[in-house]
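With chain A held as given, fit chain B onto it using these hints.
Below, each chain spelled out in residue letters.
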Amino acid sequence: MPFSANKYLKKYTEAAPLAAFRLFFGLMMFASIARFWANGWIEKLYIAPKFFFSYYGFEWVQPIGEYTYLIFVICGLSALAVAAGFKYRLSIILFFLSFTYIELLDKTTYLNHYYFISILSFLMIFLPANVYFSIDAWRDKGKSFQKVPAWCVDSIKLLLAIVYFYAGLAKLNSDWLLRAMPLKIWLPSKYDLPGLGDLMQQEWLHYAFSWSGMLYDLFIPFLLLWRRTRFAAFIMVIIFHVLTRVLFPIGMFPYIMIVSALIFFSAKQHHRILNFIAELFKFDKSRFDTSEVYQFPDVTGRIVRTVVVLFFAIQLLLPWRYLAYPGELFWTEEGFRFSWRVMLMEKAGYAQFKVVDGKTGNRFYVNNSDFLTPFQEKQMSFQPDFILQYAKFLEEHFRKDGHQNIEIYVENYVALNGRKSAPYIDPDVNLLNFADSFEHKEIILPFQDEIKGL
Amino acid sequence: MIKFSRLFIVFALIFAACSSEDDGTETGGETGGTDSFDRGAMLINWADNIIVPAYNNMAAKTQNVETAATAFTAAPDAAGFQQLREAYVDAYKSFQSVSMFQVGKAEEINYRSYLNTYPANTSNIDSKISSGSFNLELPSSFAEQGLPALDYLLFGMGTSEETVALYSSNENYRSYLNAVALRMNSLTAEVSNSWNGDYRDTFVSNTSSSSTGSVDKFTNDYVMYFEKILRSGKIGFPAGAFTGTASPSNVEARFNAEISRELYLEAVQSFEDFFYGRHFSGNGTGSSYKQYLEYLDSIKDGADLAGLIENQLDAIQSQSSSLETNLKSQVEKDNTKMLEAYDELQKAVILLKVDMMQALSISVDYVDSDGD
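In order, the protein sequences belong to chains A and B.
Numbering follows my numbering, with no gaps: position 33 of the first sequence is 33.
Each position in the second sequence, counted from 1, maps to that position plus 454 in my numbering.
Bound-form chain A, shown alone:
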């Protein structure tokens, strides 16, 4: 039976899964923001640093001091409004903008799951997630619908499937599968896990975790999609993410993924969940069960579908951009971010910057902790784009201090996945001669080993 795009676009489904997803997503986001605040991370990560590592092309996103708290307030409140389906379109746009603004402030804090939340909330702007089980639909009968185009629900499933599947592909490399790295470094350090500490020292376990992690990521989307394996797959989702939560400091992410995976369940299950909530809060869920079918207005529908198709085309292609760069991806990190390369490597570096007066030859070394937080220094020391940015910042700083003919060099060593540390950036090049760009950075010294695979 050939797949017909036209037929598919005319397929409608219950809105309940989408509404439940909206509700849980909003609540999870609110909890994440509250947790972030309570941990004092707003101050520590976005206010205390003197210098921020901007994303290339997003240098205009600058910190705004104490007002950063305001962005978090907006982000948290809009997350709640999204959950309630209150002025949904406005709320989800506000959420997307405020959350993404925060993430763009400093790439030191880049995490795949923050990126996931950014793009997911972008996608949700275009989905009618508020037509069911929402304040918007409750207040205005004209905005209340029981069914939505099937692609709206499927697009969230597709995004989740991409995240998992690409994370699985990224694990198809010799370090992960044949050397069980970096789990071989990380797991033994969990020696004090109650009951599991000794097990974490076992080599077979490192391999078992590496391989099952890879298989899990590659196959879980399909197992969730197929009705007969769905329940078992969901159990696996829970086990997998709880295990990662126990082993690694990954905050809310496991819970977000577990709850997100509920979208794969049938509308019947979602009705049951929503019914339970409605009873809990003593309102009548049947008010939403109008049998009305939501249809995008003609032109809007066409625009929305185009945006969504483009969005997914980018999602599918972006992780492959590393193929355009020479050298080992893990070493150069050119094309590493935004590609679902999750917990793939253990990398550490040491970077000592030298400021030289090109005329007199006078030189001195920079104390990184004068300018960077320990977290920033750590991230900077093994990522070439950070190193170039930091060199530029140092030049500006010392020029204002009255230094002249400034040249900046770095003595830089990086260790990757348990290999002995090796020189990373060419120590003999003046970093100021190189601007950050999307081009390959010639200043990176070659990787002394080989990692096979994707």
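The set of hints was computed from the structure by calculation and includes no laboratory data.
Bear in mind the structure is a predicted one, so any value in this text is a computation, not a measurement.
All residues carry an ideal CB built from backbone N, CA and C; glycine is no exception.
Any given hint could be a false lead.
For lysine to aspartate or glutamate, the following EDC-like pairs were computed, each having C-alpha atoms within a straight-line distance of at most 20 Å [to be verified]: (1) B:682 - A:377; (2) A:420 - A:346; (3) A:10 - A:292; (4) A:378 - A:346; (5) A:378 - B:675; (6) B:547 - B:778; (7) A:420 - B:748; (8) A:420 - B:681; (9) A:354 - B:786; (10) A:190 - B:681; (11) A:354 - B:675; (12) A:285 - A:385; (13) B:682 - A:370; (14) A:190 - B:748; (15) A:354 - A:385; (16) A:420 - B:764; (17) B:801 - B:681; (18) A:354 - A:407; (19) A:420 - B:798; (20) A:141 - A:14; (21) B:559 - B:675; (22) B:682 - A:411; (23) A:420 - B:768; (24) A:420 - B:758.
Per the computed footprint, the stretches of chain B lying under chain A, defined by three or more beta-carbons under 8 Å from a beta-carbon of chain A, are [claimed, not checked]: (25) 661-674; (26) 685-698.
Chain A is nowhere near these chain B residues, computed Cβ spacing over 10 Å in every case [what the hints assert, rightly or not]: (27) 577; (28) 590; (29) 628; (30) 632; (31) 713; (32) 733; (33) 813.
Relative to chain A, chain B alone:
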């Protein structure tokens, strides 16, 4: 497709079953720690055989300094002066074996900064002596007390005859000297008492793998000590490694620089002994970083990191024999030897800070933000 999926669900269930069973069976059968490294034992070796004896030794030495200073200032004479000088040199050497243990009480009271911030601020010391009013408890007075201040007070005032005469004739000098000796001893006693009291148990029982666990915290300090205090302080600054301009007055014990290489060697030796887990007294050795790294290497089939670090520490030792006993004159006469020493130290910094920290899976920062 159906067969394919069933295969995986079987695999999945086996995996799920394994993970949940592990809690019970695996550890039940084992007596614990047969095949995994016992960090608690390492902490106990560190505390009982190295740190506590080293602090007790230091406390005895600063007590000697205080006693000698009291005796000398009560009746200044050449013999008493000689005794005081010897007690001070002894204490300076012993300090090299505790300086790296900046945890617990030492961290809380900033022990290292009060005992050994150098070069001493001689003009401030002079003016405080002449005014007769001073408060050594102020953090702003780091550079006006401790061992570098004694170095100035005992070796920076001319010949010994001149110095004895100065102390005989000047009450203010006597009282400042006494105050410095007294404070040094009371700070050391405070730290050593804390180790002999509750802190030892707190330290060894905190085997947590988190960033607040003893191993994590201590290792961060240990590596930082090597980089900032040993490499930069003792060699880097005087050699001008950071500025390109040598600065002999930054040598440790600059007024009695004859002991400067010995202080450096003591520090390197203490650092190395700690790495190997050698007991402070006697020839025993115990659980240490070396064993910990060898244990991890055996799992990881990576580079022999313990061996690499050992070789580099050896290289530092053997390079140091080409240095003069007086590092100040070494800087003035042939600074390239100092810069060579710096280069060897720098190689060790990279092995410790990048490779060892990675192997131990200890992060260099205390930021407890999320990973992914």
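Going down the list of hints, with the structure as the test:
{"no.": "1", "hint": "B:682 - A:377", "in the structure": "holds, 16 Å"}
{"no.": "2", "hint": "A:420 - A:346", "in the structure": "holds, 12 Å"}
{"no.": "3", "hint": "A:10 - A:292", "in the structure": "holds, 15 Å"}
{"no.": "4", "hint": "A:378 - A:346", "in the structure": "holds, 12 Å"}
{"no.": "5", "hint": "A:378 - B:675", "in the structure": "holds, 16 Å"}
{"no.": "6", "hint": "B:547 - B:778", "in the structure": "holds, 17 Å"}
{"no.": "7", "hint": "A:420 - B:748", "in the structure": "holds, 15 Å"}
{"no.": "8", "hint": "A:420 - B:681", "in the structure": "holds, 19 Å"}
{"no.": "9", "hint": "A:354 - B:786", "in the structure": "violated, 24 Å"}
{"no.": "10", "hint": "A:190 - B:681", "in the structure": "violated, 27 Å"}
{"no.": "11", "hint": "A:354 - B:675", "in the structure": "violated, 24 Å"}
{"no.": "12", "hint": "A:285 - A:385", "in the structure": "violated, 52 Å"}
{"no.": "13", "hint": "B:682 - A:370", "in the structure": "holds, 14 Å"}
{"no.": "14", "hint": "A:190 - B:748", "in the structure": "holds, 17 Å"}
{"no.": "15", "hint": "A:354 - A:385", "in the structure": "holds, 18 Å"}
{"no.": "16", "hint": "A:420 - B:764", "in the structure": "holds, 15 Å"}
{"no.": "17", "hint": "B:801 - B:681", "in the structure": "holds, 10 Å"}
{"no.": "18", "hint": "A:354 - A:407", "in the structure": "holds, 8 Å"}
{"no.": "19", "hint": "A:420 - B:798", "in the structure": "holds, 17 Å"}
{"no.": "20", "hint": "A:141 - A:14", "in the structure": "holds, 17 Å"}
{"no.": "21", "hint": "B:559 - B:675", "in the structure": "holds, 14 Å"}
{"no.": "22", "hint": "B:682 - A:411", "in the structure": "holds, 17 Å"}
{"no.": "23", "hint": "A:420 - B:768", "in the structure": "holds, 19 Å"}
{"no.": "24", "hint": "A:420 - B:758", "in the structure": "holds, 9 Å"}
{"no.": "25", "hint": "661-674", "in the structure": "holds (count 4)"}
{"no.": "26", "hint": "685-698", "in the structure": "holds (count 4)"}
{"no.": "27", "hint": "577", "in the structure": "holds, 25 Å"}
{"no.": "28", "hint": "590", "in the structure": "holds, 28 Å"}
{"no.": "29", "hint": "628", "in the structure": "holds, 40 Å"}
{"no.": "30", "hint": "632", "in the structure": "holds, 37 Å"}
{"no.": "31", "hint": "713", "in the structure": "holds, 28 Å"}
{"no.": "32", "hint": "733", "in the structure": "holds, 25 Å"}
{"no.": "33", "hint": "813", "in the structure": "violated, 7 Å"}
When each numbered hint is compared with the structure, violations occur for hints 9, 10, 11, 12, 33.
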